[in-house]
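S.K.: Sequence:
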Amino acid sequence: MKPVADADETIQIDSHLDGAHERSLAEDVLDGLTRPFKELPPKHFYDSRGAELFE
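Each number in my numbering corresponds to the 1-based position in the sequence shown with 36 added.
It is possible that some hints are incorrect.
[Unchecked claim] With a Cα cut of at most 20 Å, we get these calculated DMTMM-like pairs of lysine to aspartate or glutamate:
| id | residue 1 | residue 2 |
| --- | --- | --- |
| 1 | 79 | 63 |
| 2 | 74 | 91 |
| 3 | 79 | 54 |
| 4 | 74 | 63 |
| 5 | 79 | 91 |
| 6 | 79 | 67 |
| 7 | 74 | 64 |
| 8 | 79 | 64 |
| 9 | 79 | 58 |
| 10 | 79 | 50 |
Calculated directly from the structure, the hints in this document are not laboratory data.
Input sequences plus hints: build the corresponding full structure.
M.R.: Printed below as a string of structure tokens:
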């Protein structure tokens, strides 16, 4: 199996969120991915109506 990225490659992430939304995303990712059963809130993937359908 070939690795997805070489160790010397870098990844750049461009954020287009304002400060409050960026902090909220960072907190939710840290919280969700440190749980035994990994999860991320749907609000970060869908608009408000779409997120309601998954909650």
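S.K.: Now, for every hint given, state plainly whether the structure supports it.
M.R.: Consistency of the hints with the structure:
1. 79 - 63: Within the cut-off at roughly 13 Å; holds.
2. 74 - 91: holds, 16 Å
3. 79 - 54: holds, 15 Å
4. 74 - 63: holds, 14 Å
5. 79 - 91: holds, 9 Å
6. 79 - 67: Holds, at about 15 Å.
7. 74 - 64: holds, 11 Å
8. 79 - 64: holds, 10 Å
9. 79 - 58: Satisfied, since the Cα-Cα distance of roughly 13 Å is no more than 20 Å.
10. 79 - 50: holds, 19 Å
Going through the hint list in order, the structure satisfies each hint without exception.
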